[in-house]
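S.K.: Each chain, letter by letter, is given below.
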Amino acid sequence: AQSVTQLGSHVSVSEGALVLLRCNYSSSVPPYLFWYVQYPNQGLQLLLKYTSAATLVKGINGFEAEFKKSETSFHLTKPSAHMSDAAEYFCAVRAYSGYSTLTFGKGTMLLVSP
Amino acid sequence: DGGITQSPKYLFRKEGQNVTLSCEQNLNHDAMYWYRQDPGQGLRLIYYSQIVNDFQKGDIAEGYSVSREKKESFPLTVTSAQKNPTAFYLCASSQDSGVDEQYFGPGTRLTVT
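Each protein sequence line maps, in turn, to chains A and B. 77 is the number that the numbering used here gives to position 77 of the first sequence; each next residue is one higher, with no gaps. For any residue, its number in the numbering used here is found by taking its place in the second sequence, counting from 1, and adding 114.
It should be emphasised that the hints constitute simulated quantities derived from the structure, not laboratory data. Some hints could be false.
[Stated by the list, open to error] Subject to a maximum C-alpha distance of 25 Å in a straight line, what follows is the list of computed DSS-like cross-link-like pairs (lysine-lysine): (1) B:K197 with A:K106; (2) A:K68 with A:K49; (3) B:K123 with B:K185; (4) B:K197 with B:K128; (5) A:K106 with B:K123; (6) B:K171 with B:K184; (7) A:K58 with A:K68; (8) B:K171 with B:K197; (9) A:K106 with B:K171.
With the rest of the complex left out, here is chain B:
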């Protein structure tokens, strides 16, 4: 089945540690996205990538980094510079045209203590 996988489902880290969230898609989509979701805040865009080896900052990129070395993969690193990293993180992909919707993965819940 085609889709987006995110791992792990739950992640726990100590403050001050960097952590990398995985996102893989087998939909052959060109564009991939990372969102952060907090209660009552909706989804906020962290980074997006329209093509391999290229990515752009979204609305809340500070304290995060990404790479796009393969079309299928778009990992997100939450660095120690992110002041409030505890959140639900969602990865998505799309065919990168105006009419195509984004397909979402199941999400990773990160808790930093």
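Extracted from the complex, chain A is given alone in its bound form:
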């Protein structure tokens, strides 16, 4: 069984400030981890994914995430927020071996103020 917890349904930052969106996972086997972004009334777009190759993963739009096994975390960061980053962000996990479906967190809405 696997699950994802995203801490904070809403996160507010000022433009230019650090973005930190938290994701903790639970998985009985080594996981694959993903971050997706969703703009209003649109589908989800992949930001980045962890597939065990490297613990620090760089994605699109300047985002990155670090896999920390000891903390069962995969937090998403960006050094400097831009107004266009305002969206909802979802963390997701799937099992490393065999076939399994994605389990999504409930999402974190990122609000960026000028």
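Assemble the complex: chain A is given as a structure, and chain B must be docked to it using the hints.
M.R.: Chain B in isolation, oriented as in the chain A frame:
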């Protein structure tokens, strides 16, 4: 361009009517998925299909049905048995391997009154 199309973008139905949501992909992916999204709930899996003519129930399959007669198509029917059908529905596809991500369509917003 390769991608996933969902139609229509907005759909309105009266209570008691069945409605079918379309999902087509030209990515040559084996696996396809249907999710339901409600505010504050994240995405919940309704049905998925790893191969043509085969599909499995997800976490919230009650009141929904699917078919997978072609690799490119995975339509979802919301039946009158679904107690609360108003939601945003997302279709996705993947190559069906552990490392491959899912690609999402633009979604269909269904409103039932």
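S.K.: Going straight from one Cα to the other, do K171 of chain B and K184 of chain B come out at no more than 25 Å?
M.R.: holds, 18 Å
S.K.: Decide if the proposed pair is consistent with the structure: K197 of chain B and K128 of chain B, CA atoms, cutoff 25 Å inclusive.
M.R.: Holds, because 13 Å separates the two Cα atoms, which is no more than 25 Å.
S.K.: Does K106 of chain A pair with K171 of chain B here, judged by a C-alpha cut-off of 25 Å?
M.R.: Measuring from Cα to Cα gives roughly 21 Å; hence the hint holds.
S.K.: K123 of chain B and K185 of chain B: Cα distance at most 25 Å?
M.R.: With a Cα-Cα distance of about 22 Å, the restraint between K123 of chain B and K185 of chain B holds, given a limit of 25 Å.
S.K.: When you check the alpha-carbon spacing of K197 of chain B and K106 of chain A, does it fall within 25 Å?
M.R.: holds, 22 Å
S.K.: Measure nothing beyond the straight line between the CA atoms of K171 of chain B and K197 of chain B; if it is 25 Å or shorter, mark the hint as holding.
M.R.: Distance ~17 Å between K171 of chain B and K197 of chain B Cα, so the pair holds.
S.K.: Does K123 of chain B sit within 25 Å of K106 of chain A, going by the straight-line distance between their CA atoms?
M.R.: Judged against 25 Å, a Cα distance of about 23 Å means the pair holds.
S.K.: When you check the alpha-carbon spacing of K68 of chain A and K49 of chain A, does it fall within 25 Å?
M.R.: holds, 14 Å
S.K.: Has the given pair, K58 of chain A with K68 of chain A, been kept, meaning a C-alpha gap of at most 25 Å?
M.R.: holds, 15 Å
This entry satisfies every hint, going by the numbered hints stated previously.
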